[in-house]
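Chemist: Here are the chains, one letter per residue:
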Amino acid sequence: WVPVVGLEIHAQISSNSKLFSGSQVQFAAPPNSLVSFFDASLPGTLPVLNRRCVEAAVMTALALNCSINKKSLFDRKHYFYADLPAGYQITQQRVPIAVNGSLSYSLCIDNKMSQMVTKTVRIKQIQLEQDSGKSLHDDTRSQTLVDLNRAGVGLMEVVMEPDMCCGEEAAAAVRELQLILQTLGSSQAVMAEGQLRVDANVSVHHPGEPYGARTEVKNINSIRFLARAVDYEIQRQIEELENGGTILNETRAFDSKLGCTVPMRDKEGKQDYRFMPEPNLPPLILYDAKSLPANMNHQQVVNIDWIHGRLPDLPSVKRTKLVEQYGILPEHSFTLLNEDGLTEFFENVVKQTQMKPKKVIGWILKDLLSYLKQHSLTVKERRGLLITTVVKQNPVSSLILADLLNLLEKKEISSTAAKQVLAELWKGEGKTPLEIVKEKKLELIQDQKELEQICQTVIDGQENEVMAIKAGNQKVLNKLIGLVQRETQGRSNPVMVKQLLEKKLSE
Amino acid sequence: QVSAALKEGHVSPTELCQRCLSLIKSTKLLNAYITVAEETALKQAEESEKRYRRGQPLGVLDGIPIAVKDNFNTAGIETTCASNMLKGYVSPYNATVVQKLLDQGAVLLGKTNLDEFAMGSGSTDGVFGPVRNPWSYSRQYKEKSASKAHSEDKESNWVITGGSSGGSAAAVSSFTCFAALGSDTGGSTRNPAAHCGVVGLKPTYGLISRHGLIPLVNSMDVPGILTRCVDDAAVVLGSLAGHDPKDSTTIQDNFKPFELPSLTDVSKLSIGIPKEYHAPGLSSEILALWSKAADLFKNAGAKVIEVSLPHTRYSIVCYHVLCTAEVASNMARFDGLEYGHRSDMNKSTESMYAATRREGFNDVVRGRILSGNYFLLKQNYENYFIKAQKVRRLIANDFVKVFGSGVDVLLTPTTLTDAVPYMEFIKEDNRTRSAQDDILTQAANMAGLPAISVPTALSERGLPVGFQFIGRSFQEKQLLTVAKWFEKQVKFPMIQLEEVKRHDHNAFQHQKSASFS
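Line by line, the protein sequences are chains A and B. Numbering follows the UniProt record's numbering, with no gaps: position 31 of the first sequence is 31. Numbering follows the UniProt record's numbering, with no gaps: position 265 of the second sequence is 265.
These are calculated hints, taken from the structure and not from any lab test. Incorrect hints may appear among the rest.
Okay, derived cross-link-like pairs now, DSS-like style, lysine-lysine, Cα gap no bigger than 27 Å in a straight line [stated by the list, open to error]:
no., chain 1, residue 1, chain 2, residue 2
1, B, LYS378, A, LYS71
2, B, LYS378, A, LYS124
3, B, LYS378, A, LYS218
Here the structure is a predicted model, which means the values were calculated and not measured.
Okay, chain A solo, but in the shape it has when bound (with noise of 0.2 Å):
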């Protein structure tokens, strides 16, 4: 079996008002309280086009290395919902703002983030249009609630060719997407607060084959239950299949708490949205360098060249930057990039100690970033914000773990201690990790003499171990350095104490 997997993905623009009218846009604010006249689709009322969602569209079709229509058209598509106040949406269906761009993203080969392979899937449009309110069921008193905050906030809609295989393959794209857009700006892709929204489109057919009836999966609310529903989805159809039966095609939920799709009842039969060109939106025209006439007002149009010449970079550009920079591995590179503010974190612990950033890496990936995950933490600094919520904060700033990497560097303290250490700080008590060393006697002994005496003693109470060693059996000086280990309470360098053992024993 072959499974297909594409995906339609809408994206809140990230701008301070609305696709075509002035009212705010703002997460979570009091029902109603965001709507313009326009909105409200109050009679004689007519659409604007902000700028800013139009910049934040060819931004991201650059990033997405798309062909941007420099003449692009809007169109009204009709239906009849609650929570759209006009009866049509205003969207792009005959001619979007950019079309024929691909996405690269990696995956891992295996689980062990060791080996990680790239793939492309190509981008077939990106278009501009309207979001619509927000509708709720009151099935016990029978009625709906609408608030029309969300009602014409901008959104992208970017659809992904179906060149996916998979979940995973379809997390891992979206997850670069989301990077992409929160480094432009262009969305805050966020996908708890709706602001990055995804729909599967799933289908499975024998290879040679034609494809085969799609389903479309749509109540996803994260990325990793999109890997789910379309693992799931694929699986189903699989099974009816092998049983004998057809798949529908049709619109079906994903239900996360039993993680499975169910039938959605809204869709009855195919709707006819009677597009019809927006008669009140002039084409949109795009200019580059080259098509810009002397004499236009800079201000008044939206410069291809202009907006690529400002682009940040991408994370695929920060990962190489970051690889080269600081010689770490390309894996390392993506969970940096992936964690929000690890990156920045990171970088800012290079900074403050002497320990090269290869070392600091290890420590990041494995030991802070498991406490922070266990512990459900972020890592973004805060510097002199007031912190007015009840959030947890993490403890370890990136001045604490340099000062601990730096004991570490120095050699005053070995890497089991520092993990000890680590694991105090995370209590968040205010300690220093040299206070916490001092307290918990973790100094490495730096005495010379009193190590060669612990060594002396070691050696003394391990005849048939020392015999051993001098008959050629290396391994077993093992076993004495962990005897020393033992008797300095794991507070002697083994470095140190291998050099000292075999001087010893060779004299």
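The hints should help you fit chain B onto chain A, whose structure is shown.
Modeler: For chain B alone, coordinates are given in the frame of chain A:
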């Protein structure tokens, strides 16, 4: 003239306002007004008076009473579109054109009657009843109809105003206001202007903002101006035209208001007579007048030539498809949820929608919605909507060719006949009537061109006949200059109304008394 009178203190804004208000009351029979905003009008008049006393009027329009068709949004004053759907609807904002007039100090007397949602050519299909043409009560008409059978009730002999801006035309014609706003989508300003003996101007599409005008066909609607003379129309145009950031279909170029020159030499003018406008149903009377009008120009030295606009005969059908499609789309917002009428039916959202729309819209509106949706169906879109757009382009190109060949202005009749009696008009349905009556005016809307109807002469029945000039895109100055010259030549007679005689209106008469023909 009245503006000068105000300035010199011969009459005060409040006096003027009160006279108009009382005239409205005494001409209530005409049913020209849906809402009379007496209190606010008087307040506006008072404010204007203060300004005049200070010697600081805002402009020519300061203190001038005006009326606005009831499909323009007026903040605080009911806007109904003569429909049950919007009965009681009070908009929170002013249409841009209304705001502009108010900013100039104009006094808004009230909202005028129309066909429901501006769909119709008689101003007979609104929920507040039909509008009566003031000329029905003129001495001129009564004299001519005295010979008819006396057994007929005088009442039922009244004639229609034409539409859909009939209320505005009647208001201007009966002297209750000095200028009125209408809208023009297929002729809705020019048609009633011709039937009521007033000037009706349809500006170029994109010149005046549509923000706040409840749309019929977004790609053809324009706000229309109704006045008693061409100069007045130029003044009002000057205060309304120009880019509006709230309306993305207005042009960006700067508009400069102009004063109309008094043309004396027309020898450099080229007047085109489109032969296709000799349409079936054109009365022989109007045909003869057309010839006379053309001769006026010829005798004065202008070049008058016959031209051809070959796609004229397709415009009705083309208009029908495009108009109904846009109507279906524009009316989709009337669902009873956010504003306007909401049915009591509450079994489900869908049933509430259905009941609300059935209760709120009349047959005409519902018919157009159904047609429009049909044409927009996926399987029909190519054959109807796209085809109609292509035909529209051909119609517009006809004009481009003609104007490109050196013709400055086209001269055509505005209507096929003079105003018909109401009882006769309603014998045919709205769709049939619209198809017939729009034929001479519609093409200008398709092509977005400016056009003006100028009252020309009285028919044999004593009713006004108007003639239309169609001009080049955005060349309103040239168009109005020609219209003004024509107006001067024809000397259309003033309406002689009983009610009006009782009021002393010498201070504000713009028409010359001698008649043409």
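Chemist: Checked against the structure, which of the hints given earlier come out wrong?
Modeler: Those not satisfied: there are none.
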